[in-house]
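Construct the entire structure; sequences and hints are all you get.
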Amino acid sequence: RKEVEQDPGPFNVPEGATVAFNCTYSNSASQSFFWYRQDCRKEPKLLMSVYSSGNEDGRFTAQLNRASQYISLLIRDSKLSDSATYLCGGYNKLIFGAGTRLAVHP
Amino acid sequence: NAGVMQNPRHLVRRRGQEARLRCSPMKGHSHVYWYRQLPEEGLKFMVYLQKENIIDESGMPKERFSAEFPKEGPSILRIQQVVRGDSAAYFCASSPRDQNAEAFFGQGTRLTVV
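Chains as they are written, first to last, in the numbering used here: chain A, 1 to 106; chain B, 1001 to 1114.
Treat the hints as calculated values from the structure; they're not laboratory data. Please note that a few of the clues may not be correct.
Straight-line Cα separation of at most 20 Å, SDA-like style, residue types lysine to any residue; simulated pairs [said to hold, decoys possible]:
1. B:1051 / A:92
2. A:45 / B:1026
3. A:42 / B:1044
4. A:93 / B:1102
5. A:93 / B:1104
6. A:45 / B:1101
7. A:93 / B:1097
8. A:2 / B:1044
9. A:93 / A:66
10. A:93 / A:37
11. A:42 / B:1003
12. A:45 / B:1027
13. A:45 / A:82
14. A:2 / B:1056
Pair by pair, the computed Cβ-Cβ distance ranges are [unchecked claim]:
15. B:1014 / A:74: 44 to 54 Å
16. A:77 / B:1076: 38 to 48 Å
17. A:60 / B:1044: 23 to 33 Å
18. A:39 / B:1018: 23 to 33 Å
19. A:81 / B:1044: 19 to 29 Å
20. A:81 / B:1018: 39 to 49 Å
Computed from a predicted model, the values in this text were never measured in an experiment. In this text, a Cβ means the ideal position worked out from N, Cα and C, and glycines have one as well.
Take a look at the structure:
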């Protein structure tokens, strides 16, 4: 089993929609988790950190469920500019899932 | 404060040559991670280093690949006798400490083996 697993998508949603991604992890010793955004052929950029139960930043909410070993990312009021691949990563040694592709259309 | 710097951005090598990829972490960061990414695929962990130490190299191929992070200077990912299958984007990330620390990525080096 991979250490971090994500649904690869793609998720195709209209502008204004709410979309949620899940990410599961197998290493129960992992302390902290992160969501990164990667645009085509660019480097991943940090979107949110998830240290305890959750974190919220504007339209983005990340939640951590340690009992079930999953992390989620909720995007509200999707924008065209949200189209990207979203990577879930966790310590230790900072392993990433394969990423979930999001395509927001008009 | 400059971000994570990788060079070169693009590198072309013939089969059998050596490739050296450099990563200068952000100021104050002493932890470096290297990843390989093939087109349409995720980030594959290769190696995790601290200054002068390899902490985890479980993702490194057993042959031809090596990494170092000396006391002074950038971290180096070295690929000897490159083959076409080594063509990929190589990203490094740095963080100020290990657990619970946010890591930031460089722009990557795109290696093409011809």
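Practice prompt. Could you grab the alpha-carbon distance between residue 93 (chain A) and residue 66 (chain A) and see if it respects the 20 Å cut-off?
Written response: 18 Å, holds
Discussion item. Residue 45 (chain A) and residue 82 (chain A) were given as a pair; does the straight-line alpha-carbon distance stay at or below 20 Å?
Written reply: It holds: about 13 Å lies between the C-alpha atoms, which stays within 20 Å.
Fill in: Proposed proximity, residue 1104 (chain B) with residue 93 (chain A) (alpha carbon, max 20 Å)
Distance ~14 Å between residue 93 (chain A) and residue 1104 (chain B) Cα, so the pair holds.
Worksheet item: Is the straight-line distance between the alpha-carbon of residue 93 (chain A) and that of residue 1097 (chain B) 20 Å or less?
Response: 11 Å, holds
Worksheet item: Holds or violated: residue 45 (chain A) with residue 1026 (chain B), Cα cutoff 20 Å?
Response: This hinted pair holds, its Cα atoms lying about 14 Å apart.
Worksheet item: Is the hinted range of 19 to 29 Å satisfied by the C-beta distance from residue 81 (chain A) to residue 1044 (chain B)?
Response: For residue 81 (chain A) and residue 1044 (chain B) the Cβ distance comes to about 27 Å; the hint holds.
Worksheet item: Taking only the CA atoms, is the gap from residue 42 (chain A) to residue 1003 (chain B) under or equal to 20 Å?
Response: 15 Å, holds
Item to complete: Quickly compare the C-alpha distance for residue 45 (chain A) and residue 1027 (chain B) to 20 Å and report which way the hint goes.
Response: 18 Å, holds
Practice prompt. Take the C-beta atom of residue 39 (chain A) and the C-beta atom of residue 1018 (chain B), compute their distance, and say whether it sits inside 23 to 33 Å.
Written response: Distance hint for residue 39 (chain A), residue 1018 (chain B) holds at roughly 31 Å.
Practice prompt. Assess, step by step, whether the Cα of residue 93 (chain A) is no farther than 20 Å from the Cα of residue 37 (chain A), and give holds or violated.
Written response: Distance ~19 Å between residue 93 (chain A) and residue 37 (chain A) Cα, so the pair holds.
Practice prompt. Quickly compare the C-alpha distance for residue 93 (chain A) and residue 1102 (chain B) to 20 Å and report which way the hint goes.
Written response: Holds. Residue 93 (chain A) to residue 1102 (chain B) sits at ~12 Å (cutoff 20 Å).
Practice prompt. Can you let me know if the beta-carbon spacing of residue 1014 (chain B) and residue 74 (chain A) is within 44 to 54 Å?
Written response: 48 Å, holds
In summary, the structure agrees with every hint in the numbered list given earlier.
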